[in-house]
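Number of protein chains: 2
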Amino acid sequence: MKTLIDNGLIMSAEGKLTAGGIIMEGGTITRAGSGVSRETEDYDEHIDGKGRWFLPGFVNTHGHAGSTLLRGAGEELPLRQWLEQVMWPNEQKLDRDMVSAAQDLALAEMLRSGTTAFLDMYHLGIHDLAEKTSASGMRAVLGRGMIGFGGEAGWQERLDASADFIDSWHEAAEGRIRTAVMPHAPYTCPPAFMEKAASLAVEKGVLFHTHCAETRQECRDHRREHGLHPVDHLHQLGIFQLDVLLAHAVHITEAHMQILADTGTGVSHNPSSNAKLGSGTAPIPEMMKAGVRTALGTDSTASNNTLDMVEEMRLAALIHKGRLEDPEALPAADVFRMATSGGSELLGFHQTGVIQAGMEADFIAVNPHSLHLTPNLDRAAAHTAYSLKSSDVEDVWVQGRRLMKNKELVTLDEERIRFNADKQAAKLL
Amino acid sequence: MKTLIDNGLIMSAEGKLTAGGIIMEGGTITRAGSGVSRETEDYDEHIDGKGRWFLPGFVNTHGHAGSTLLRGAGEELPLRQWLEQVMWPNEQKLDRDMVSAAQDLALAEMLRSGTTAFLDMYHLGIHDLAEKTSASGMRAVLGRGMIGFGGEAGWQERLDASADFIDSWHEAAEGRIRTAVMPHAPYTCPPAFMEKAASLAVEKGVLFHTHCAETRQECRDHRREHGLHPVDHLHQLGIFQLDVLLAHAVHITEAHMQILADTGTGVSHNPSSNAKLGSGTAPIPEMMKAGVRTALGTDSTASNNTLDMVEEMRLAALIHKGRLEDPEALPAADVFRMATSGGSELLGFHQTGVIQAGMEADFIAVNPHSLHLTPNLDRAAAHTAYSLKSSDVEDVWVQGRRLMKNKELVTLDEERIRFNADKQAAKLL
Chain A
1 MKTLIDNGLI
11 MSAEGKLTAG
21 GIIMEGGTIT
31 RAGSGVSRET
41 EDYDEHIDGK
51 GRWFLPGFVN
61 THGHAGSTLL
71 RGAGEELPLR
81 QWLEQVMWPN
91 EQKLDRDMVS
101 AAQDLALAEM
111 LRSGTTAFLD
121 MYHLGIHDLA
131 EKTSASGMRA
141 VLGRGMIGFG
151 GEAGWQERLD
161 ASADFIDSWH
171 EAAEGRIRTA
181 VMPHAPYTCP
191 PAFMEKAASL
201 AVEKGVLFHT
211 HCAETRQECR
221 DHRREHGLHP
231 VDHLHQLGIF
241 QLDVLLAHAV
251 HITEAHMQIL
261 ADTGTGVSHN
271 PSSNAKLGSG
281 TAPIPEMMKA
291 GVRTALGTDS
301 TASNNTLDMV
311 EEMRLAALIH
321 KGRLEDPEAL
331 PAADVFRMAT
341 SGGSELLGFH
351 QTGVIQAGME
361 ADFIAVNPHS
371 LHLTPNLDRA
381 AAHTAYSLKS
391 SDVEDVWVQG
401 RRLMKNKELV
411 TLDEERIRFN
421 ADKQAAKLL
Chain B
1 MKTLIDNGLI
11 MSAEGKLTAG
21 GIIMEGGTIT
31 RAGSGVSRET
41 EDYDEHIDGK
51 GRWFLPGFVN
61 THGHAGSTLL
71 RGAGEELPLR
81 QWLEQVMWPN
91 EQKLDRDMVS
101 AAQDLALAEM
111 LRSGTTAFLD
121 MYHLGIHDLA
131 EKTSASGMRA
141 VLGRGMIGFG
151 GEAGWQERLD
161 ASADFIDSWH
171 EAAEGRIRTA
181 VMPHAPYTCP
191 PAFMEKAASL
201 AVEKGVLFHT
211 HCAETRQECR
221 DHRREHGLHP
231 VDHLHQLGIF
241 QLDVLLAHAV
251 HITEAHMQIL
261 ADTGTGVSHN
271 PSSNAKLGSG
281 TAPIPEMMKA
291 GVRTALGTDS
301 TASNNTLDMV
311 EEMRLAALIH
321 KGRLEDPEAL
331 PAADVFRMAT
341 SGGSELLGFH
351 QTGVIQAGME
361 ADFIAVNPHS
371 LHLTPNLDRA
381 AAHTAYSLKS
391 SDVEDVWVQG
401 RRLMKNKELV
411 TLDEERIRFN
421 ADKQAAKLL
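Sequence lines, in order, name chains A and B.
Here the first sequence stands for residues 1 to 429, numbered as in full-length UniProt numbering.
Here the second sequence stands for residues 1 to 429, numbered as in full-length UniProt numbering.
Isolated chain A (complex conformation):
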């Protein structure tokens, strides 16, 4: 089927709008931009773009869907205390129904706010999440979160579970699902376990994803225990020779940035979560100057408290300018790139992230006819970073399939999902 969208404004990779349209066929964009019209093209389906802005879908490069029911629970505690008193005891109580309800809620919230692809690390319910991702039509990199406690027997069990998951799901769902090896963090995974995880990633040819250098305390403790900063340690273990995506990297030096840049290691910047947990702010403009590959992520609702990439863009666009007292730090166009093509590249979805011929059709339609996006003129990049709201997103396509239509989710039952989430959350502490 050949679908033609006309009468829209198509956003380029640089954040500029061009009046025109999009033609897609078999999940792929065959034409985009000016000159797309019903008069000169044949088509099977026509969609009136109605002056909407068409943007690449947002790519959320770090999260934990399974813990979404913990939104707003146990607020404003230090990271360790929050993990030990809120997250871990509550996660002990999570059963399959609770995790399933949390995953549904996360997928629906992400889709509604314009996210087309995401990464998820969790230790529970990952096969369920893969099924749900497949059924929802979304795109994701999924993996089994692994903590290195419990000795070698425990390790092997988790590595086997990871391997099994990768074998079952890598490049499944028409290529919309990719997998990764996901040891939780250097502070929860001993070096020998990290090495085993790395071997598995090499064997399977998949991404290696871990939290790293999230808090000052973590780096201090790691130095005390291992004599090295976590980034130096992972480097020494040879792990950055792999395809690696680190979440956070808040407390790193220029020397670490150089290591990450030289090894092509990616960083998922999660400014809301890092702020809310009192971890700090990752030096993203500095990393970009050093040549580090960067993207954006929300982390989980337990530390954000939303899965809204529009909020994440706004915060990323603001927080570094304030921190560095430099209004030119992290310009709007860079933030937009981080939230779209920067994320696609780091997740290995190289065929998405930009609206242009030859790319798969992952994009969203935004209604710019709102007070907060007025005046409208030619201010799209600034409006997208600073003024856009996720409630402006009206339509979402992934691989050419329309997953949200005029603000109605097509593949997910929103009412049932909310009801079920509230019901399951009642079982928490």
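The hints are simulated quantities; they were obtained by calculation from the structure and are not laboratory data.
Hints are not guaranteed to be accurate.
Same chains, same names: a pair is fine if it fits in one copy or spans any two.
[What the hints assert, rightly or not] Straight line, CA to CA, 30 Å or less: simulated DSBU-like cross-link-like pairs of lysine-lysine:
{"id": "1", "residue 1": "Lys16", "residue 2": "Lys93"}
{"id": "2", "residue 1": "Lys427", "residue 2": "Lys93"}
{"id": "3", "residue 1": "Lys427", "residue 2": "Lys132"}
{"id": "4", "residue 1": "Lys423", "residue 2": "Lys16"}
{"id": "5", "residue 1": "Lys50", "residue 2": "Lys427"}
{"id": "6", "residue 1": "Lys423", "residue 2": "Lys50"}
{"id": "7", "residue 1": "Lys132", "residue 2": "Lys405"}
{"id": "8", "residue 1": "Lys204", "residue 2": "Lys132"}
{"id": "9", "residue 1": "Lys407", "residue 2": "Lys2"}
{"id": "10", "residue 1": "Lys93", "residue 2": "Lys132"}
Take the given structure of chain A and dock chain B to it, following the hints.
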């Protein structure tokens, strides 16, 4: 007329929800909270609260409605350069129609996002803004922004204009309009002019509002020129003996905080604007510890780029935790208070800011049945600070009058306002 709202959830000053309703009569709340029902009360009008959260309206304590058309224009420049190359040349071009269109846009945007009261400083169109505020039903502190260039003749002209405005509008529109004396800033107003402005505020018995210590450069320059930090200078001039509200106060020391606390001087915290312009982040938790009275503001769309107090709450709740690496810094409940009763107090609207018997009926209804506010349980304070979106606001009442009904603005013509704003903005640089 006696209006009864039942079946809602009413938020207390501490951010806790109570199942119940609100009764109002003649613009005043006569009962609020549990036990309000159709069975036990007589009433003229009944509104079904439908499980909505009823919050006090947001109070935006610093802005410049007249420059709203500059949203997204000339992004990411240092403050001085931004003022000199974008703001001032564009403001030279502003005619009455442009300012009027900008004011309409600002009022509509604020009202739609749940703001019931605001402060505005501008040098153009203030009588028009007072007329519009009166007609819209909103509540505001308005004043003529005064820059101290052009010698004594210029000073007197501006002071006279201020005095005339105060005489015309103070406590007008059923008390919904208050006025203030508003010299722009210590760096644009010489000390002798500041003193004259202070005398006028004393004479009229109104608030004194000025920008102060917004950038590091401003403080450095002020020391060089006057031998004193701007806060010390205003203190030396005796200005803090008045009822004073400072905007920004980003670059101040503990000694300055003590001065502000001792004199009861208020601070309007504008975290988005301060971040976006690269000014920094005002030390608000430190000020609160010192006893300084604080509230929130958006500043203008030229430096934010929205007038959305929900965004401002979220940023305030996040940015200090990150800056201080302290997840307990500026808890959600404090942010909520700053956005509501904290603002009311500093603007002199002591009869608003809390939903309780005896207060005037300025409040909003929020639809909590959304993915991003699920699970819903008893997490209202956290949800309000971190997860709420202004698109959740459905209804707004000011002084008992319903100004937004099911997301439709009642007193403002939104479509005409957007059309006119785009039309007038085309005349800008």
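Taking the hints in turn, this is what the structure says about them:
1. Lys16 to Lys93: Between. Shortest inter-copy distance 26 Å satisfies the 30 Å Cα cut-off; intra-copy 48 Å does not.
2. Lys427 to Lys93: Classified as within: same-chain Cα gap 8 Å, cross-chain 61 Å, threshold 30 Å.
3. Lys427 to Lys132: Cα proximity of Lys427 and Lys132: one copy only (22 Å, versus 51 Å across).
4. Lys423 to Lys16: Between copies only: 21 Å across chains, 44 Å inside a chain, cut-off 30 Å.
5. Lys50 to Lys427: Between. Shortest inter-copy distance 25 Å satisfies the 30 Å Cα cut-off; intra-copy 45 Å does not.
6. Lys423 to Lys50: Classified as between: cross-chain Cα gap 19 Å, same-chain 39 Å, threshold 30 Å.
7. Lys132 to Lys405: within (19 Å within a copy, 38 Å between copies)
8. Lys204 to Lys132: within (23 Å within a copy, 66 Å between copies)
9. Lys407 to Lys2: within (23 Å within a copy, 37 Å between copies)
10. Lys93 to Lys132: within (22 Å within a copy, 55 Å between copies)
Comparing the model with each numbered hint stated earlier shows that all of them hold.
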